[in-house]
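Colleague: Sequence:
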Amino acid sequence: MALKLAKSFSIWLILILCACACTSNTASRAYDIPSATKKFEEWMSRHERDYKDVGEKAKRLKIFLENLQFIEEFNGAANRTYKVGLNKFSDLTNEEFVAAYTGYKLPSSTPRNSSQVNSFKYQGSNSIPESIDWVKKGAVNPIKDQRRCGSCWSFSVVAAVEAITQITTGVLPNLSEQQLIDCATDGNQGCEGGWMDNGFEYIINNNGISSQANYPYVGVDGTCDAQASSVAEAKISDYTDVPPNEDDMLKAVAMQPVSVALDSRGAAFQYYAGDVFTGPCGTDLNHAVTVVGYGTDTDGMKYWLIRNSWNVSWGESGYMRIQRDSGVEGGLCGIASKVSYPVA
1 MALKLAKSFS IWLILILCAC ACTSNTASRA YDIPSATKKF EEWMSRHERD
51 YKDVGEKAKR LKIFLENLQF IEEFNGAANR TYKVGLNKFS DLTNEEFVAA
101 YTGYKLPSST PRNSSQVNSF KYQGSNSIPE SIDWVKKGAV NPIKDQRRCG
151 SCWSFSVVAA VEAITQITTG VLPNLSEQQL IDCATDGNQG CEGGWMDNGF
201 EYIINNNGIS SQANYPYVGV DGTCDAQASS VAEAKISDYT DVPPNEDDML
251 KAVAMQPVSV ALDSRGAAFQ YYAGDVFTGP CGTDLNHAVT VVGYGTDTDG
301 MKYWLIRNSW NVSWGESGYM RIQRDSGVEG GLCGIASKVS YPVA
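In our numbering, the protein residues as written are 1 to 344.
For the record, the hints were derived by calculation from the structure and aren't laboratory data.
Where hints are given, some of them may not hold.
[Stated by the list, open to error] Straight-line C-alpha distance at most 16 angstroms; calculated EDC-like pairs for lysine to aspartate or glutamate: (1) Lys251 <-> Glu73; (2) Lys105 <-> Glu66; (3) Lys302 <-> Glu130; (4) Lys62 <-> Glu96; (5) Lys88 <-> Glu316; (6) Lys88 <-> Asp133; (7) Lys144 <-> Glu316; (8) Lys144 <-> Glu130; (9) Lys83 <-> Glu96; (10) Lys39 <-> Glu72; (11) Lys251 <-> Asp325; (12) Lys39 <-> Asp53; (13) Lys88 <-> Glu130; (14) Lys88 <-> Asp145; (15) Lys302 <-> Asp284; (16) Lys136 <-> Asp299; (17) Lys251 <-> Asp275; (18) Lys83 <-> Asp297; (19) Lys88 <-> Glu73; (20) Lys121 <-> Asp248.
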């Protein structure tokens with residue numbers, strides 16, 4: 001039986017390699033069957049992938065090889081400011097990746113309590129450090145993994161609340177994203193997406209948010225656990241939206257990590273593996289992250305330091321440096337367009 005499956009996969013593999021060679025719009029590199037199979041099998045083992053049948057495995061191999069070709073051609077081009085590489089998303093098309101791992105959704109209407117239209121308290125800040133890294137300052141927990149759930153908005157909210165709690169109390173809590181998925185449903189859609197301000201609003205109205213230990217993450221939509229959600233590990237009193245420009249965003253990040261939305265579409269973002277990301281990307285916001293610092297690299301490139309929620313296998317151990325002061329209105333990938341932060 002095993003031999004029959006192996007032969008079936010080999011036939012599929014030959015057909016796939018021929019198809020890749022014939023349909024590529026760019027100069028196609030020649031993959032021989034043994035090396036292609038070995039590379040894919042090694043990747044499957046590293047990321048604990050298993051497929052339901054030979055046909056599905058063959059389909060994923062074809063996508064993997066197309067993505068591998070993109071990665072090798074991108075890194076082989078001149079004048080790149082960053083590199084891309086294989087990661088856990090390498091058997092997905094970009095469309096599949098975006099559908100499964102992003103989830104920023106701005107509601108059609110965004111009613112607010114009067115307290116949430118307060119002024120931007122960092123507006124008058126004049127003493128801005130050249131760089132800041134809230135990770136090194138101990139205000140940021142280790143990278144988490146949202147899994148195949150469009151809950152990025154909840155991770156952005158939680159990271160910002162964890163940070164301001166540490167900054168004001170000296171204690172870094174580990175808070176529950178799952179509570180927001182299950183309970184912060186007013187204007188949000190759990191794993192189908194949400195908006196950070198609605199998450200902050202929920203925490204205020206709920207008089208706090210529970211710990212990860214008390215309300216653990218499962219990565220699927222669930223029913224709100226009233227008992228677990230009533231045990232507050234951290235609280236906030238308010239939140240503020242930052243004016244949509246990088247100058248004011250800089251003032252905010254100098255004081256605390258902030259929640260932001262950006263456009264994460266495109267293969268370059270999907271396979272980002274290090275150094276300062278400079279695009280290409282648009283400004284159609286679809287993903288939420290937390291900005292936890294900023295600085296300038298050794299080549300003089302200014303950057304924002306992003307904490308993502310795609311596990312440590314993506315980016316720089318789960319982080320991204322993205323170009324700051326790019327000249328794009330609203331920031332590169334729209335990063336300064338929708339910025340907010342919690343108030344302790």
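Colleague: I'd like to know which numbered hints this structure contradicts. Please list them from smallest to largest.
Modeller: Going through the list in order, the structure violates hints 1, 2, 6, 8, 9, 12, 13, 15, 16, 17 and 19 and respects the others.
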